[in-house]
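Asker: Residue numbers (my numbering), protein chains in the order written: chain A, 182 to 249; chain B, 182 to 249; chain C, 182 to 249; chain D, 182 to 249; chain E, 182 to 249; chain F, 182 to 249.
Hints are not guaranteed to be accurate.
Note: identical chains are not told apart, hence a pair may lie in one copy or across any two.
In silico SDA-like pairs for lysine to any residue, Cα to Cα no more than 25 Å straight-line [claimed, not checked]: (1) Lys195 with Glu209; (2) Lys199 with Ala249; (3) Lys191 with Met201; (4) Lys193 with Glu237; (5) Lys195 with Met182; (6) Lys234 with Ser223.
Hint data in this document are derived by calculation from the structure and do not stem from the laboratory.
Number of protein chains: 6
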Amino acid sequence: MALSARNLLKGKVKEVTKGMVMAEVTIEVAPGVDVVSAITTSSVERLGLATGKEVEVVIKATSVMLNA
Amino acid sequence: MALSARNLLKGKVKEVTKGMVMAEVTIEVAPGVDVVSAITTSSVERLGLATGKEVEVVIKATSVMLNA
Amino acid sequence: MALSARNLLKGKVKEVTKGMVMAEVTIEVAPGVDVVSAITTSSVERLGLATGKEVEVVIKATSVMLNA
Amino acid sequence: MALSARNLLKGKVKEVTKGMVMAEVTIEVAPGVDVVSAITTSSVERLGLATGKEVEVVIKATSVMLNA
Amino acid sequence: MALSARNLLKGKVKEVTKGMVMAEVTIEVAPGVDVVSAITTSSVERLGLATGKEVEVVIKATSVMLNA
Amino acid sequence: MALSARNLLKGKVKEVTKGMVMAEVTIEVAPGVDVVSAITTSSVERLGLATGKEVEVVIKATSVMLNA
């Protein structure tokens, strides 16, 4: 299956901080380039996210702004 | 000033498609890595976005999902 | 692979309206229950979305509001 | 009054988990079909959300992705 | 009923531009302060949005960024 | 530089509540008109957000709904 989301970047989990409901996950998508994601702590646990795990970052085009 | 958005990636506009209200902008953020943004056509015009222009991609952490 | 998005609903495409940049896709997720998605027209074409096609609706929990 | 949001699903609160700032609310929208919402804990309290309460799930079409 | 969305601002429609799928609506929320909304053209028609109509702007807290 | 986001409102921080991962920031954008933002606690710290600080609220047009 393929996602409609236009932005799919491969990366590796660098750090996970879990709160009661929300968690923050830092993913290295290229040497020196990190992406930060805020998802539910339940998803972090369900997906078994931990440092070193390979993931794909998914971002819908309508969520992307530009600064020029 | 600094943005609260956690994801700021520098890139160069590769392609712009303008519709009546929304436009699609493709930005190369690393060799072979493109990010697609859907913003209003008014913003494309106000910012003077065109192929080759240097921009910064801005994405809020709560808009980033993971696939693992 | 599994998505961090908490909401995944199976359905069937009922209608597709394509604009220059954005498209509107109506998906029936249960008898009499439709979900409407606004994605890029490029994604509609890349995924070959058309009436009758089986799809999965994906919604991040932080995008869901409540009225009570 | 009517909302511009295209997706309005009636349901019943099944579970509420409250963190310091964000809360996770699970709503049953059809037998066996749950939707998860991440909203502020302040809103959970202001709306008096608790198991059994009838609510309406509200989702903007631009927040809906497809997997096909 | 009450919405979980934390930001509700009363205003008056100032301008509507309709595309094939998406529309842009400008709302004056205070003298000299406008808010711009991108919603589907179907919603603009369903809600009968036109210059002068009184509306309420609705924004989820997780969609609000800060620049400081 | 200029942001593609169509909604930029000047204001002053009125209250900050910090959770483990997410924080809630209330900003007064006009006398008696508050806007609430949910951003990461890391951003609150990185930007030094505290009561009285002048900030700019940033909201993408596709995140704005209407009630009419």
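Asker: Hint by hint, say whether it matches the structure.
Answerer: Hints and how they fare:
Taking CA atoms no more than 25 Å apart as the test, Lys195 paired with Glu209 passes in both settings, with 6 Å inside one copy and 24 Å between copies. When the C-alpha separation of Lys199 and Ala249 is checked against a cutoff of 25 Å, the pair qualifies only between copies, where the shortest distance is 17 Å, while the shortest distance within a copy is 34 Å. Taking identical chains as interchangeable, the C-alpha atoms of Lys191 and Met201 are never at most 25 Å apart, the minima being 27 Å within one chain and 27 Å between chains. Taking CA atoms no more than 25 Å apart as the test, Lys193 paired with Glu237 passes in both settings, with 8 Å inside one copy and 23 Å between copies.
In the homo-oligomer, the alpha carbons of Lys195 and Met182 lie at most 25 Å apart only across protomers (19 Å), although the nearest pairing inside one protomer, at 27 Å, exceeds that limit. Proximity of Lys234 to Ser223 under the C-alpha cut-off of 25 Å is found in both arrangements, the shortest distances being 17 Å within a copy and 23 Å between copies.
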